[in-house]
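> Working from the sequences, and respecting the hints, build out all of it.
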Amino acid sequence: HLPALLCEAPKSVLIVGCGAGVTAGCFVNYPTIERIVICEIEPLIPLAAGKYFSEFNHAIMEDPRLEVVFDDARHFMLTTQEKFDIITSDPIHPWVKGAAALYSKEYFELTLQHLNEGGIVTQWVPLYESSLEAVRSEVATFMHVFPHGTLWTNDSEYGGYDIVMLGQENASKFDLLSVDAKLSADDYHKVAQSLADIKLDSAMQLAKTFGGDRELLERWYESATLNTDRNLHLQYSAGWALNRYQEANIRDSLKPFAGYPKNLFSGTPEQISELEKWLAPRATP
Numbered sequence: 001h002l003p004a005l006l007c008e009a010p011k012s013v014l015i016v017g018c019g020a021g022v023t024a025g026c027f028v029n030y031p032t033i034e035r036i037v038i039c040e041i042e043p044l045i046p047l048a049a050g051k052y053f054s055e056f057n058h059a060i061m062e063d064p065r066l067e068v069v070f071d072d073a074r075h076f077m078l079t080t081q082e083k084f085d086i087i088t089s090d091p092i093h094p095w096v097k098g099a100a101a102l103y104s105k106e107y108f109e110l111t112l113q114h115l116n117e118g119g120i121v122t123q124w125v126p127l128y129e130s131s132l133e134a135v136r137s138e139v140a141t142f143m144h145v146f147p148h149g150t151l152w153t154n155d156s157e158y159g160g161y162d163i164v165m166l167g168q169e170n171a172s173k174f175d176l177l178s179v180d181a182k183l184s185a186d187d188y189h190k191v192a193q194s195l196a197d198i199k200l201d202s203a204m205q206l207a208k209t210f211g212g213d214r215e216l217l218e219r220w221y222e223s224a225t226l227n228t229d230r231n232l233h234l235q236y237s238a239g240w241a242l243n244r245y246q247e248a249n250i251r252d253s254l255k256p257f258a259g260y261p262k263n264l265f266s267g268t269p270e271q272i273s274e275l276e277k278w279l280a281p282r283a284t285p
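Letter by letter, the sequence shown follows residues 1 to 285 of our numbering.
No false leads were mixed into what you were given.
Listed below are the simulated EDC-like cross-link pairs for lysine to aspartate or glutamate, each with C-alpha atoms no more than 16 Å apart in a straight line: (1) K255 x E215; (2) K51 x E62; (3) K255 x D162; (4) K208 x E270; (5) K11 x E67; (6) K11 x E82; (7) K208 x D155; (8) K97 x E42; (9) K199 x D180; (10) K182 x D201; (11) K255 x D155; (12) K83 x E67; (13) K105 x D229; (14) K208 x E274; (15) K262 x E276; (16) K105 x E169; (17) K262 x D175; (18) K11 x D63; (19) K83 x E109; (20) K182 x E8; (21) K262 x E218; (22) K208 x D180; (23) K173 x E8; (24) K173 x E117; (25) K83 x E169; (26) K51 x D63; (27) K11 x E117; (28) K262 x E215; (29) K97 x D72; (30) K11 x E34; (31) K190 x E55; (32) K208 x D175.
Pair ranges (Cβ atoms, derived): (33) I272 x R244: 38 to 44 Å; (34) D201 x L47: 29 to 35 Å; (35) Q81 x A48: 26 to 32 Å; (36) Y161 x E62: 28 to 34 Å.
In short, the hints are calculated from the structure, not lab data. Even for Gly, the Cβ is constructed at its ideal location relative to N, Cα and C.
So, in structure tokens, the structure goes:
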């Protein structure tokens, strides 16, 4: 939802990894979306997603805007000329064979090359079955490619077991008034309902999930090793956290470094004041 709401009027989306189709399915409800491409390496997965999860993925497999490409995501991006307004990656944990290549510096550079002007990349980062060292590496690698990158948590209480990284070529604003206007529009009612189901039913609630940007988090990840195609650091180091559940500790380590970001949010004075108060206590380590 974040990239679709922050993009002015997105028309095309690339989803790396089908899974249950829930991420791809969320774009079905956006009225400006004209093309949805899922890149999936295993042909059986979309079939299962359509058969067993259509209730949760808005029947994405039956949507006429969908194209499923059966290919390795890196190979697909290296060989296609197409660019997208949104590219979102939901690969499995980086310690799974081959997945670390979808968390590397070179992969993020590929996504940047395939963005339309004003486009957005988002990347899922699991905190469960992971380690602080691995998550720092993932965030540091992303921020290296996207200097204006931001990090978002599962909910406005800074909880949950996952985070999402969001990157663009240039810095842009999170306009609370614009997002609220979209959520109030008749043709966005299904989007608003989807967000309300997870208690994120306004621009303010979404904004409160902000977890940091490069300026705020740089000291948190400054000693991290970048994950590159040459070292595939995460392919090996992330595996040491298999079957460990340290998500609370990883999440808590981020809190002191979050704070209120410069030049990201715009809105009414009352909205900005509320947001500053909400995020400010996390600013001082």
